[in-house]
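Take the sequences, apply the hints, and build the full model.
Chains A and B are the protein sequences, given in the same order. According to our numbering, the first sequence is numbered sequentially starting from 1. According to our numbering, the second sequence is numbered sequentially starting from 1.
One or more of the hints may lead you astray.
Claimed, not checked - Incomplete in silico selection of chain B near chain A, CB under 8 Å:
| # | residue |
| --- | --- |
| 1 | Arg-201 |
| 2 | Gly-202 |
| 3 | Ser-211 |
| 4 | Leu-223 |
| 5 | Thr-228 |
| 6 | Val-229 |
| 7 | Thr-230 |
| 8 | Ile-231 |
| 9 | Val-232 |
| 10 | His-235 |
| 11 | Ser-237 |
| 12 | Glu-240 |
| 13 | Thr-242 |
| 14 | Arg-244 |
Stated by the list, open to error - Partial pick of chain B residues on the chain A-facing surface, computed with a CB cut under 7 Å:
| # | residue |
| --- | --- |
| 15 | Arg-210 |
| 16 | Asp-226 |
| 17 | Ser-236 |
What the hints assert, rightly or not - Calculated lysine to aspartate or glutamate pairs in the DMTMM-like style (CA-CA distance at most 20 Å, straight line):
| # | chain 1 | residue 1 | chain 2 | residue 2 |
| --- | --- | --- | --- | --- |
| 18 | B | Lys-265 | A | Glu-238 |
| 19 | A | Lys-72 | A | Glu-240 |
| 20 | B | Lys-17 | B | Asp-29 |
| 21 | B | Lys-241 | A | Glu-240 |
| 22 | A | Lys-224 | A | Asp-247 |
| 23 | A | Lys-241 | B | Asp-226 |
Simulated from the structure, these hints should not be mistaken for lab results. These numbers come from a predicted model, not from an experiment. Cβ coordinates follow ideal geometry from the N, Cα and C atoms, glycine included.
So you can see what is in the structure, the chains are spelled out below.
There are 2 protein chains.
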Amino acid sequence: MASSSPSDHKATIIDGKAIAQTVRSEIADEVRHLSQQYGKVPGLAVVIVGNRKDSQSYVSMKRKACAEVGIKSFDLNLPEDVSQAELIAKVHELNANPDVHGILVQLPLPKHINEEKVLSEISIEKDVDGFHPLNIGKLAMKGRHPLFLPCTPKSKKRLLNIDSAVKLEIYMFCWKSSCFNHDHFLQGCLELLSRSGISIRGKKAVVVGRSNIVGLPVSLLLLKEDATVTIVHSHSSEPEKTVREADIVIAAAGQPMMIKGSWIKPGAAVIDVGTNAVDDQTRKSGYRLVGDVDFHEACKVAGWITPVPGGVGPMTVAMLLKNTLEGAKSTIVQ
Amino acid sequence: MASSSPSDHKATIIDGKAIAQTVRSEIADEVRHLSQQYGKVPGLAVVIVGNRKDSQSYVSMKRKACAEVGIKSFDLNLPEDVSQAELIAKVHELNANPDVHGILVQLPLPKHINEEKVLSEISIEKDVDGFHPLNIGKLAMKGRHPLFLPCTPKSKKRLLNIDSAVKLEIYMFCWKSSCFNHDHFLQGCLELLSRSGISIRGKKAVVVGRSNIVGLPVSLLLLKEDATVTIVHSHSSEPEKTVREADIVIAAAGQPMMIKGSWIKPGAAVIDVGTNAVDDQTRKSGYRLVGDVDFHEACKVAGWITPVPGGVGPMTVAMLLKNTLEGAKSTIVQ
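Right, dumping it as structure tokens:
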């Protein structure tokens, strides 16, 4: 084993923050071009119901991100007790507004409102949150399976003293499936691979974890990109053996540092989707975020690896902006 | 290699016809019990629009199968030029009819009718064709991707001189995705495994083929049953190596006898979903049906194998009957 001398090796770190910044600059360029050429800019409407602090913060981050790239924000804050009919009427108004190219209804909605019904009222061309057919499948499944998991009170409390640099990722971690859009997150995974020059076609990809919200859809996306995809989960025998055969590893198990360096095939690309809080008394907050991969060990073996935080997380809002831009281009550029 | 002496080995043939017959007998027993205990029997309504010969024949087979197990048939034959509104009104009537527990609208519908719209009008409790959430996801995807492939004129012509024993399977082959329900077909695959005493949990399953209508949904079903699932396809490198690691192989590539004996792990369970017509001048029809697996070679290595025809095919109608029974039980037995 000493012959391979893995300790000398150092994986290329896939810097999600830097890549997201590149994506945003490209979007800003395209928006500027649209504005100069056609006198129009993309518009993104975000509808919030009620006063959930987490929704408000997340939406304000979205608004800021829009402003940075020149996308116009249309924000609608409706009271907690808004009726479903009123909310749907507002969605219809946004559907009809030619300056709005993307509509996003922030989840979760109050209990008296049927989320599925409301989301289905968003016109398909403006459904930036549901751009991908997979999303619709997931949405359709929602009525039958618990798709949205509640945020744990513990992690909510921890939000009180957060480190601003990883704010968004902590939000995403806490909300899990509640308010942030997983499709953008998943698109982010693929974008990180392609921006790092890693081709997917024909490669062996192993996805660790089979959640409806991450593991399954990311598997389908990889399959669409022509990878040979294996899904490994808690009932798999010899998961480490299967992972060790992968050219591309997507870690989405939700288990802190579960995937050890010895699980990784030398030179593999490792995308760590996991975001787990572990106790850390050296931090003011009392914890830190780690991925599903043992980063330090994996660095010595992998060819590429995403850090947590700073990997997939920062790509999420960038992908939302990209979807809004694409939606706008398809109507503005005829 | 001679040491393993595979030529002495003979796989257990999974007899789909016999298993389907067992399932049907069990259904008949349960229907008799419902009738005696509650004075009610399950009812299945089949709606056909127009005079497509293939739809008519398939539906008449369904009707016969219902009669055999004591399920009451409610058949509606609507003219080719029925309006969408009239068709939907009929669906609503069936939704309201307490004697109808399953509603099946035979596809394809004429071009002037929006299939997705009509299918979405079937009340969820009676949607025997869409019992599984996966189906809804597929349905949702339909608007964006071509899900239903047309039957080739060649195979249609060949239907004229068919061998009655494999009639249903030839129909299914010709229609591919047009009129028969793939969900029942897929449920059939899993039922064949469980009836043969083959457990899925923790096993390595390899699905060859990634079609929206068979490969993908069967992968998701296997995953739900806790298999470690790998999907292999035309862009996979070394597919034979991957298949050789599988405890369970689902062949759904649509390539006649593509999977050779040497691809199979000794003792593996092989479910052959492929149904391909190959020229055979020794037959009156001029062709015969073969699977995606080289049956004779695979028999010498596999532990279990389904023949084509006579494997998965016969299970399809049995699973439809089973779904109808389950639907009826949930309303009759309170």
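Taking the hints in turn, this is what the structure says about them:
Checking Arg-201 (chain B) against chain A: minimum C-beta separation of about 6 Å stays under 8 Å; hint holds. For Gly-202 (chain B), the interface hint holds, the least distance from its beta-carbon to any beta-carbon of chain A being 5 Å, beneath 8 Å. Interface restraint check for Ser-211 (chain B): the shortest CB-CB distance to chain A comes to about 11 Å, outside 8 Å, so the restraint is violated. With a least beta-carbon distance of about 6 Å to chain A, the hint placing Leu-223 (chain B) at the interface is held under the 8 Å criterion.
Hint status for Thr-228 (chain B) relative to chain A: holds, with the closest Cβ pair at about 4 Å, below 8 Å. Interface hint at Val-229 (chain B): satisfied, since its Cβ lies 5 Å from the closest Cβ of chain A, which is below the 8 Å cut-off. This hint holds: Thr-230 (chain B) has a C-beta 4 Å from the nearest C-beta of chain A, less than the 8 Å allowed. Hint on Ile-231 (chain B) holds. Least Cβ distance to chain A is approximately 5 Å, under the 8 Å limit.
With a least beta-carbon distance of about 6 Å to chain A, the hint placing Val-232 (chain B) at the interface is held under the 8 Å criterion. Interface hint at His-235 (chain B): satisfied, since its Cβ lies 4 Å from the closest Cβ of chain A, which is below the 8 Å cut-off. Given the 8 Å rule on beta carbons, the hint for Ser-237 (chain B) holds: about 5 Å separates it from the nearest Cβ of chain A. For Glu-240 (chain B), the interface hint is violated, the least distance from its beta-carbon to any beta-carbon of chain A being 12 Å, above 8 Å.
Evaluation of the Thr-242 (chain B) hint against chain A yields a held restraint, the C-beta minimum of about 6 Å falling below 8 Å. Given hint, Arg-244 (chain B) at the interface with chain A, is violated; its Cβ is 13 Å from that chain's nearest Cβ, farther than 8 Å. Restraint check, Arg-210 (chain B) versus chain A: the minimum CB separation of about 6 Å is within 7 Å; hint holds. With its C-beta approaching chain A no nearer than about 4 Å, Asp-226 (chain B) sits inside the 7 Å limit, and its interface hint holds.
Satisfaction of the interface hint for Ser-236 (chain B) is found here, the shortest Cβ-Cβ separation to chain A being roughly 4 Å, below the 7 Å cut-off. Between Lys-265 (chain B) and Glu-238 (chain A) the alpha-carbon distance is near 17 Å, which keeps this suggested pair within the 20 Å criterion. With a CA separation close to 47 Å, the supplied pair Lys-72 (chain A) and Glu-240 (chain A) exceeds the 20 Å bound. For the proposed pair Lys-17 (chain B) and Asp-29 (chain B), the alpha carbon gap of about 18 Å is at most 20 Å, so the pair holds.
Our distance criterion of 20 Å between C-alpha atoms is met by Lys-241 (chain B) and Glu-240 (chain A), whose separation comes to about 18 Å. Distance hint between Lys-224 (chain A) and Asp-247 (chain A) is fulfilled; the C-alpha atoms sit about 16 Å from each other, no more than 20 Å. This hinted pair checks out: Lys-241 (chain A) and Asp-226 (chain B) have alpha carbons roughly 17 Å apart, not beyond 20 Å.
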